[in-house]
Structures are given as C-alpha cells and as structure tokens.
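Chemist: Heads up: the protein sequence lines correspond to chains D and Z, in order. Read left to right, the first sequence gives residues 1 to 321 (our numbering). Read left to right, the second sequence gives residues 1001 to 1321 (our numbering).
Honestly, the hints are just simulated from the structure, not real lab data.
PhoX-like, lysine-lysine: derived pairs with alpha carbons at most 20 angstroms apart: (1) Z/Lys-1312 x D/Lys-291; (2) Z/Lys-1171 x Z/Lys-1132; (3) D/Lys-312 x Z/Lys-1291; (4) D/Lys-132 x D/Lys-52; (5) Z/Lys-1256 x D/Lys-312; (6) D/Lys-312 x Z/Lys-1259; (7) D/Lys-52 x D/Lys-15; (8) Z/Lys-1312 x D/Lys-256; (9) Z/Lys-1291 x Z/Lys-1226; (10) D/Lys-14 x D/Lys-199; (11) Z/Lys-1312 x D/Lys-259.
Protein chains: 2
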Amino acid sequence: MKIEEIRLEELNPKKFIEGKIQEISSVIGNGLAISALSGGVDSSVVTILGHKALGNRLKTYFIDNGLMGENEPERVVLLFKELGVNVELVDAKEQFFDALKGITDPEEKREAITQTFYRHVLGRLVKDSGAKFLLQGTILTDVDETVAGIKRQHNVFEQLGIDPEQAFGYKIVEPLIQLRKPAVREVAKTLDLPEEIYKRMPFPGPALVARVIGEVTLEKIETVRKATKIVEEGLHDTEAFQYLAILHADKVTGIKEGKRDYGLQIEIRCWDSKDAITGSPTRLPHDTLYKLAERITTEVSGVVSVTYNITKKPPSTIEAV
Amino acid sequence: MKIEEIRLEELNPKKFIEGKIQEISSVIGNGLAISALSGGVDSSVVTILGHKALGNRLKTYFIDNGLMGENEPERVVLLFKELGVNVELVDAKEQFFDALKGITDPEEKREAITQTFYRHVLGRLVKDSGAKFLLQGTILTDVDETVAGIKRQHNVFEQLGIDPEQAFGYKIVEPLIQLRKPAVREVAKTLDLPEEIYKRMPFPGPALVARVIGEVTLEKIETVRKATKIVEEGLHDTEAFQYLAILHADKVTGIKEGKRDYGLQIEIRCWDSKDAITGSPTRLPHDTLYKLAERITTEVSGVVSVTYNITKKPPSTIEAV
Chain D
1 MKIEEIRLEE LNPKKFIEGK IQEISSVIGN GLAISALSGG VDSSVVTILG HKALGNRLKT
61 YFIDNGLMGE NEPERVVLLF KELGVNVELV DAKEQFFDAL KGITDPEEKR EAITQTFYRH
121 VLGRLVKDSG AKFLLQGTIL TDVDETVAGI KRQHNVFEQL GIDPEQAFGY KIVEPLIQLR
181 KPAVREVAKT LDLPEEIYKR MPFPGPALVA RVIGEVTLEK IETVRKATKI VEEGLHDTEA
241 FQYLAILHAD KVTGIKEGKR DYGLQIEIRC WDSKDAITGS PTRLPHDTLY KLAERITTEV
301 SGVVSVTYNI TKKPPSTIEA V
Chain Z
1001 MKIEEIRLEE LNPKKFIEGK IQEISSVIGN GLAISALSGG VDSSVVTILG HKALGNRLKT
1061 YFIDNGLMGE NEPERVVLLF KELGVNVELV DAKEQFFDAL KGITDPEEKR EAITQTFYRH
1121 VLGRLVKDSG AKFLLQGTIL TDVDETVAGI KRQHNVFEQL GIDPEQAFGY KIVEPLIQLR
1181 KPAVREVAKT LDLPEEIYKR MPFPGPALVA RVIGEVTLEK IETVRKATKI VEEGLHDTEA
1241 FQYLAILHAD KVTGIKEGKR DYGLQIEIRC WDSKDAITGS PTRLPHDTLY KLAERITTEV
1301 SGVVSVTYNI TKKPPSTIEA V
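Kindly generate the complete structure, drawing on both the sequences and the hints.
Modeler: Written as structure tokens, this is what we have:
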C-alpha cells in the first residue's frame, strides 16, 4: 500500500494534531497502549499525542539498551516528567549486549537490535501491562529506505510483509508515517515540546550500534560514546543536520609517549541535509576539525587517529552501519 | 653508535658529494656493488653517487614488487636511462604477494617485505652478480623511528643488532645516514637530478603495503593504487610534504544505484611537514576534498566512502601501517 506523504508546505500542524489524537482514541478504544520513548523527536511527538489521547491508558517506557549517549536515559525521563508524562526506565542493557555478541554484519546487528527490542523487551512489557497496541514514531523516510533496500530500519514491519501482531503479540500504530523529519519537527513545535526535543538531531534506531564497525562490545560502546560526546559538544553550534562519531574495527599505527601504539581510529561525520535522503559533508573550519581530533586522541583512551568523512550521500549513507 | 647528523644549514652539498664518492670508491675497492633503486630521492641520490664512484662496477636494479604506483617501474628505468644509468628491471611480484599472504599485523607485513627484499630477491641478485656490497639510501629519520620503536623501517639493520653480511650475505653501505630528507633533496639538486626526483614525495619502504589495512592481496593493491593516483593528481599542485590514500579493511554501508552497498572506505592523508618527524594535516579547501571523494567513489570500483585524516603526528604516524 502506497503511503501518501504530507509535505511540510501542506501540513497544518494544529489540524494534524487534532486528527491524530482522535484517530489514536478511536483505534485504541478503552484499551491500553504503550509507547517506547527514545527521546528523539519522532517518539517524543508520538508519546505526547498518545498522552493527550489516552491519558493514563498510555504507558510510556524508556528502554535503556546501554547503547545511548551519555546520561541520555535519565535526561529524557526527567524532561518528560517536567512535561507531565510519567516515563518508566527499563534496564535492558544485558539483553542487548548478549544479543549482539559475536555479530559483525551490519544487517545482522540491526536485526539483533530489532528482535531484542520488539520481541523480547517490548513483548514482555506489553504482555505484563495488558496493552494490545504499540504507538510508534515511524516516519516516511524509514519506510523508503527499508523498501528501497538501503537499510532495514528497525521500526518498519508492514512494508516488509511482517505482521507485528503475529510476530510480537501486539499491533503497531504509526501516527507519523506520512511525515518526514521537517514536518515532524513542526508538529513537535506546535505541541509546545521544548527546543531540545524539536530541534533534536536524528539518532539511529540501533543507537550507538550503528556507529561501531564490526562486533559490538561494552568497551567499544564506551569508546564511541565518549567520542560522540566530544563531537556533539564541538559541533553543537554549527546547527548541522547531524553529526556523529564512528569507531572503526581497523587499527592503525600511531605514537603515544614516543612509542609505537597500534591504536583505534574514530571517524567524524557531519551532515548538511534537509531530510536525510541526500546529504553533503558540512564545510567545517579546519580549526574545528583539528580541535576535535586533538580532544578525541587526548581524552578517549586508545584512539590514535581521527578522520573526517568527505563523501556525499549517496554513495555514502548518514550512518556507517 | 651515535650517528652524527649533518643539518641542512651546515651541509656543503658539493663537498658532501666529493667526500661520499671517495668514500664509496675506497670501501668497494676493485669489487662490485649493487644499488636497489626505488625512484625515491634517497635511493636515486645513492645510485648517482655510486655510479660516479664505480661506473660500470655498480649494478643498479629496480625491484618490481608489484606494490608501486601506476607505471612507476617503467618510468624510473626510463628516467635513469636518460641520466646515463642503466637500470635492470627485476620482476619479483609473485614473491612479494606470496610472502604477504595471510598476514594482517603491520609489523609482520613490514617484516615480510624486508625479508623478501633483502634475503630472497636482493640476496640472489648479489650472489648472481658477484657483488659484496649493497649501496643503500637509509637516512637518519629511518634510524630514529626504528630505534625509538615507532616503526621498523625496512632498511635499518645495524641499529637493531642485525649484521647484514651474516643475515643476507652482503655488506651495506649507507652514504646518506647522517642526513634528513631536506638535506638529501639539496644533494639531489646539486647532483643535477631532475625536479621530478629531488622534489619527489616520500614513498614508504613497504610501498603500497603501508596503505592497506589488514591482509594484502593483488586486488586490494589495485584498489589503493587507483585511489593513490587520483589523490596524487588532485593534490600535486598543493606542494604538500606528502599525500596518500589508504584502503581500510572495514566495510561501511553505502548506496550504489539506489541499493544498499556494503562497500570499501578510502582514507586520504595530506601532510604539512618539514622532516616527517612531526606533521599536521594540510588545510585543503573543502572543494578539493569533495572532488577527490567524488572521483574516488566514481572511478574506483567498490568504494562508497572517503575520509580525510585530521590528526597531527604525533599521535598519528604519516602512514597507517
């Protein structure tokens, strides 16, 4: 079934919000639904829409997969508390790291995240809560990329011929599926979500797993998390579409304390883009780049080399995995 | 034994040349010596000094290890023919690729190159020719890095406690061992070598092996050779100290013809440096970088992503392996 896009210029955010609140109410009826909040703009908007439609009949969870940015889970829970939405923090770190053990292929890594998230963690939460529905922030770009065979986005099922009710035991409701990112941001703004949310940089479904080449371990996630924090601090003021750090599996020769050190390499990407469909590397000043490299090689243990990606999308993709 | 450096500012190139010609004559006596020319400024200067000292009693070989830049062997042989020096081209491609099979560790790769070059290929040439001496273009920076334990340079033996006569069956004469690169260039100029030689960019002893992360295969060398050619064409006018392309073993997700393509990544490095001891990435214009990335992803089969290294040396090294 072809999904009809609502373009930014034809979007009436107020009407869209009213319509979606009604739609959610009528689909869920008197039942319970759950929302898995990641703190990204998509899941944040869906959570607020669900909260407005269902009140306490929406259970909102933040699944801590151990793969998020530094202090991300606690920050998001606090932020929504201030918005009047109670979010339960679910510690699922062990389950995710267990599922990722020994996997190096990017699509298999994404699949491990998807199965752990939807089948094991959310499946149990839905069952325990008695909910029959999951509200989910899938947007049109997720569908496009999955259908085109570029990347399997972890929140796309129907278009792949997967029936979530059969596969995981619950139905999925996707209020944002006709929108792309700029339209979602507009809706978020109209919902009075804070700038921290509606301007929030896209963050991939598989989280930091998308930023580790090769097998994912706790140690590697720690390394890429530290590098990510430095990149985010250093590039925050650029207002680029998205910026990120990638940890390579390849090791390169470097020098630490005058001796050979066969060490790690971090790749920085910073994108100019409107919609993530195409993108160009941001023309960052050389001093900004060199300062990032210096901070990363000084502050992140084991890193001896930092690169900046200079390829457009296509042929690159935004994330490396 | 501490080697006494002759600094650029205290070098008298004419006197240096006269002295070295006499020294080579007296060391070799009436015997034969051989020179293994790579086309780099160091081995070119040594070949000319040897030629001036010994005339036909110097045999000069270009060992084609299959790991050089495009058409490099033929170009160097022709150039020296024009200078009146007869160079014999030795095809040793198979021996080098056989020796590299299955090796991924950088130091082991360097060692495989060293052993194949000095023991197997040169060892046989020396034996067949009846020579007892190898003239070699070792410079002080090679010694420093090897002794410091940063990188084992493939032409450094004595300082590692290796007796080449015992190990390979010939003595090594190193006329340039007190000089660093800028001084060698000055000597080359005074010897009337063409600009193509005395301005020639440094090229690593292990050749393109230094630019392939992980196992080296014929196919990977082809890939990095093509990328190298594009980088050299694109950055020739910058007059940077050194610029190079590195092929990673890691694969990254990309898009080709609208489909997912799990492809190769090339890293570009371009160095500002005086002596290779320290270095900074050159502040290349963004357009230059983007054009390189576009050419490489278009013209080099399998490449979907290109990065630019933004780390200083130290903690990086000039080459990746």
